[in-house]
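> Protein chains in written order, with my numbering: chain A, 1 to 392; chain B, 1 to 370.
None of these hints come from the bench; they were simulated from the model. Among these hints, one or two may not hold up.
So the derived list for chain A, only partly shown, Cβ under 8 Å to chain B, looks like this [as the list claims (entries may be wrong)]:
hint, residue
1, 43
2, 137
3, 337
4, 362
Restraint-style ranges between C-beta atoms, simulated for each label pair [to be verified]:
hint, chain 1, residue 1, chain 2, residue 2, range
5, B, 147, A, 69, 43 to 51 Å
6, A, 354, B, 325, 25 to 33 Å
7, B, 147, A, 354, 53 to 61 Å
8, A, 158, B, 24, 54 to 62 Å
9, B, 345, A, 324, 21 to 29 Å
10, A, 176, B, 21, 53 to 61 Å
11, B, 349, A, 34, 40 to 48 Å
Listed below are the simulated BS3-like cross-link pairs for lysine-lysine, each with C-alpha atoms no more than 30 Å apart in a straight line [as the list claims (entries may be wrong)]:
hint, chain 1, residue 1, chain 2, residue 2
12, A, 307, A, 386
13, B, 189, A, 18
14, B, 189, A, 385
15, A, 307, A, 122
16, B, 189, A, 93
17, B, 189, A, 388
18, A, 386, A, 205
19, B, 227, B, 139
20, B, 227, A, 331
21, A, 122, B, 355
22, A, 386, B, 189
Given the structure is predicted, the values throughout are model-derived calculations rather than measurements. Beta carbons are placed, not taken as given, at the ideal position from N, Cα and C, and that holds for glycine.
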Amino acid sequence: MPAEQNNTAKTYFWNDEKTRAILYQIVTAVFVAFIGYYLISNVQTNMEKQSIASGFGFIEKEAAFEIGESLIEYSAADTYGRALLVGVLNTLKVSLIGMILTTILGTFIGVCTLSSNWLISKFGTLYVELFQNIPVLLQLFFFYALFYEIFPPPRQALNPITGVFITNRGIDFPVPASDPVWGYIGLAFVAACIVIWLVYRWAVKRQERSGQQFPTFWVGLGILLGLPLLTWVVNGAPTEMDVPVLKGFNFQGGRNISPEFSALLIGLVLYTASFIAQIVRAGIQSISHGQTEAAMSIGLKPGLVLKLVIFPQALRVIVPPLTSQLLNLTKNSSLAVAIGYPDFVQVAGTTINQTGQAVEGVAMMMLVYLTFSLLTSAFMNWYNKKIKLVER
Amino acid sequence: MAETTHIEEIKPPVTDVGVIGWLRQHLFNGLFNSIATILILGFLVKVMPQFIQWALIDSVWFTSGQACHQAEGACWSVITQNIRFTVFGYFPYEHQWRPLVAMIILVGMLVYSREWSRWNKRLGYAWIFSLFVMGLLMKGGLFGLVPVESTKWSGLPLTLLLSFFGILASYPLGVVLALGRQSQMPIIKALCVVYIEMIRGVPLITMLFMSSVMFPLFLPEGVTIDKVLRAQAAIILFTAAYIAEVVRGGLQAMDRGQYEAAESLGLNYFQMMRMIILPQALKIVIPPTVGILISAFKDTSLVVIIALYDILNTTKSILSEPEWTGFSTEAYMFIAMIYYICCFSMSQYSRRIEKQLEYKHTPNQEEKPS
Chain A
1 MPAEQNNTAK
11 TYFWNDEKTR
21 AILYQIVTAV
31 FVAFIGYYLI
41 SNVQTNMEKQ
51 SIASGFGFIE
61 KEAAFEIGES
71 LIEYSAADTY
81 GRALLVGVLN
91 TLKVSLIGMI
101 LTTILGTFIG
111 VCTLSSNWLI
121 SKFGTLYVEL
131 FQNIPVLLQL
141 FFFYALFYEI
151 FPPPRQALNP
161 ITGVFITNRG
171 IDFPVPASDP
181 VWGYIGLAFV
191 AACIVIWLVY
201 RWAVKRQERS
211 GQQFPTFWVG
221 LGILLGLPLL
231 TWVVNGAPTE
241 MDVPVLKGFN
251 FQGGRNISPE
261 FSALLIGLVL
271 YTASFIAQIV
281 RAGIQSISHG
291 QTEAAMSIGL
301 KPGLVLKLVI
311 FPQALRVIVP
321 PLTSQLLNLT
331 KNSSLAVAIG
341 YPDFVQVAGT
351 TINQTGQAVE
361 GVAMMMLVYL
371 TFSLLTSAFM
381 NWYNKKIKLV
391 ER
Chain B
1 MAETTHIEEI
11 KPPVTDVGVI
21 GWLRQHLFNG
31 LFNSIATILI
41 LGFLVKVMPQ
51 FIQWALIDSV
61 WFTSGQACHQ
71 AEGACWSVIT
81 QNIRFTVFGY
91 FPYEHQWRPL
101 VAMIILVGML
111 VYSREWSRWN
121 KRLGYAWIFS
131 LFVMGLLMKG
141 GLFGLVPVES
151 TKWSGLPLTL
161 LLSFFGILAS
171 YPLGVVLALG
181 RQSQMPIIKA
191 LCVVYIEMIR
201 GVPLITMLFM
211 SSVMFPLFLP
221 EGVTIDKVLR
231 AQAAIILFTA
241 AYIAEVVRGG
251 LQAMDRGQYE
261 AAESLGLNYF
271 QMMRMIILPQ
281 ALKIVIPPTV
291 GILISAFKDT
301 SLVVIIALYD
311 ILNTTKSILS
321 EPEWTGFSTE
331 AYMFIAMIYY
341 ICCFSMSQYS
351 RRIEKQLEYK
361 HTPNQEEKPS
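Isolated chain A (complex conformation):
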């Protein structure tokens, strides 16, 4: 229309919203690019001046530092690459164990805060208030100090259960003496899990078809315990244990959990559990009481009410914030550097100190943790899709 053309002709281009938007963006992009260029050129000149190498060539070089504990073979003669891998594995180790323990403890405390027993619910609330309001680093220092100050040296080791010793060098406990049987039992365990899954699927299908129920839980438990036990008996039932024994100034034999690892694990688990408790409580409270009443009125037993009605619905509220708390635990495990547990940040920090290649080192730290969080959010998206309410 000519009238409209007239109208646009009157508008100056800087008053046009779209043009302005493009202009803003160009200005921002140029600004950011300029800052980026400026910083990078500074880094280059600085690194040349201080004769620091650039690039990731150092990964191939000899690391020349020892690492206190490692899941794979490592010595100071190995490369930086391998040292960093040890660090990643140590981070994963403490995070995975911590995630499992903190989920259990957090759920327990969360249920406690909802208890009808006044003492239990007050205990739960007190726990949450206390652990949430104290920095996790302080808690780590506290637990680490417990080990090296309060716990006795190996000669006066605390011995709470036969064979288990708590000293300022960590926790020593017996493990079964090495024997191929234990490998077979592990395989039997995996096999049992697969069989249980198949039985479960068959039972669900049968119930859908015929309405008959199958005692999946008890049969599953039987298989889970029975199959490894059978393997053990068939292979001659070895009972020899590798028990820690005091020799000189330290314990030999058995398995040792270092004080650093223990303190880190305890601190992270207790701290994160206080947040998980709150999430679990909110999740359970979000289910209206009508759901319980309706489930009971159709004749479900209390256990089944929880399992079939409350829990699946509460889980939908609980899982997303729970995942982010578990990710927080992984990120907080980087505080290991403060108490000397060789996690990834600690190893990368040592690498930076030795090679001087701060940019690459920090970039690798960020990359590793970004990978963890991307994996976590991928899981979240998958889970959210899976449990989304199917609306009819």
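Given the coordinates of chain A, assemble chain B onto it according to the supplied hints.
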């Protein structure tokens, strides 16, 4: 007329009311709860006397470290004898009244500003003035005050400084980032998304490492920025990303009609955000925002790792002296108490604000014709 007979009122059984009723209802309802109650009480009876014995009866309060090592109970002397170093760290001893006055001003101003009705222009000027005075007290160099290097700032003043400015600066930055993420302009949106997600994906330690070892390389030759300021910047940049996500939640929760109504009034983008959207959006996210601010406060303790002497690190360095080794439990309990009081009062304050803001709504609702 029907005859009314007086029926005697039956009181509830003694076991259902009063102390016994309460006990039955809250502690002994059912077998499981009864057992749990007895177990917990038994545990408390066993542990509490021991703890009281250790913490209060056998404890020593104002002795030297040697006397502490001989004492049976807790050694609170580790706190009382070293209180000045714990709190003020390496700030020159004879000038430690200066950070003390600065902290009193800060806390006083915060306490005074807690009521929203007191917020006016004069309070704003008062804040600017007191910030100037605090800076002067810390830095010195004017009016006959001896200048003190910022590397000497430590202890509680450093903790409060890092958290106060961390919170103050990260909030507006976070709001800007959130608006950027909601923006229609693809480049701005992409920049904000990348920034927010990247920061949220890494631990604060990597940011602190970046500030301490990587950032000096970014600067042109001859320019140095002091360590405290770099750590401060890292904390601000880190917290801002988290605030941005929370604020985005608030923006998304806003009704589309609010935007449309604002636009139909002829408000431009900035007017719309300032007068219509942000006041409502920021209000609904107060609880999670305070959560973030509390964790920012707790996270300032991480500067220990880049060797800044905040209150946690001054405590640690006292504990590393031979005279005071072995009393970590007592010292850390004291520091934990300080953090607890600060965090707890912050969360209590947020609950109060929530209530106040809810209350503001009611007059408008009453005006509506029912």
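> Work down the list of hints and note, for each, if the structure agrees.
Each hint tested on the structure:
1. For the restraint placing residue 43 (chain A) at the interface with chain B, the shortest Cβ-Cβ distance is roughly 5 Å, inside the 8 Å limit, so the hint holds.
2. Because the closest C-beta pair between residue 137 (chain A) and chain B is about 5 Å apart, less than 8 Å, the hint holds.
3. Checking residue 337 (chain A) against chain B by beta carbon gives a least distance of about 6 Å; that is within 8 Å, so the hint holds.
4. Contact between residue 362 (chain A) and chain B, as hinted, is supported at the beta carbon level, the nearest pair being about 5 Å apart and thus within 8 Å.
5. Our hint of 43 to 51 Å for residue 147 (chain B) and residue 69 (chain A) holds, since their Cβ atoms are close to 47 Å apart.
6. Checking the proposed 25 to 33 Å range against residue 354 (chain A) and residue 325 (chain B) shows it holds: the Cβ atoms sit about 30 Å from each other.
7. Checking the proposed 53 to 61 Å range against residue 147 (chain B) and residue 354 (chain A) shows it is violated: the Cβ atoms sit about 37 Å from each other.
8. Residue 158 (chain A) and residue 24 (chain B) have their C-beta atoms about 41 Å apart, which leaves the hinted 54 to 62 Å range violated.
9. Between residue 345 (chain B) and residue 324 (chain A) the Cβ separation comes to about 26 Å, which falls inside the hinted range of 21 to 29 Å.
10. A C-beta distance of roughly 55 Å is found between residue 176 (chain A) and residue 21 (chain B), which places it inside the suggested range of 53 to 61 Å.
11. At roughly 42 Å, the beta carbons of residue 349 (chain B) and residue 34 (chain A) sit within the given window of 40 to 48 Å.
12. Taken as a hint, the residue 307 (chain A) and residue 386 (chain A) pair is honoured in the structure, with Cα atoms around 18 Å apart against an allowance of 30 Å.
13. Our distance criterion of 30 Å between C-alpha atoms is met by residue 189 (chain B) and residue 18 (chain A), whose separation comes to about 16 Å.
14. A C-alpha spacing of about 25 Å is found between residue 189 (chain B) and residue 385 (chain A), which places the hinted pair at or below 30 Å, so the restraint holds.
15. Distance hint between residue 307 (chain A) and residue 122 (chain A) is fulfilled; the C-alpha atoms sit about 26 Å from each other, no more than 30 Å.
16. In summary, the hint linking residue 189 (chain B) to residue 93 (chain A) is not supported, as the alpha carbons are separated by about 37 Å, beyond the 30 Å threshold.
17. The straight-line distance between the Cα atoms of residue 189 (chain B) and residue 388 (chain A) is roughly 28 Å, inside the 30 Å bound, and the hint therefore holds.
18. Taking the CA atoms of residue 386 (chain A) and residue 205 (chain A), the gap is about 20 Å. The hint holds against a cut of 30 Å.
19. Note on residue 227 (chain B) and residue 139 (chain B): the hinted pairing holds, with a Cα-Cα distance of about 15 Å set against a maximum of 30 Å.
20. Between residue 227 (chain B) and residue 331 (chain A) the CA atoms are separated by roughly 24 Å; this keeps the pair inside 30 Å, and the hint holds.
21. For the proposed pair residue 122 (chain A) and residue 355 (chain B), the alpha carbon gap of about 24 Å is at most 30 Å, so the pair holds.
22. At roughly 29 Å between alpha-carbon atoms, residue 386 (chain A) and residue 189 (chain B) fall within 30 Å of each other, so this suggested pair holds.
Comparing the model with each earlier hint shows violations of hints 7, 8, 16; every other hint is respected.
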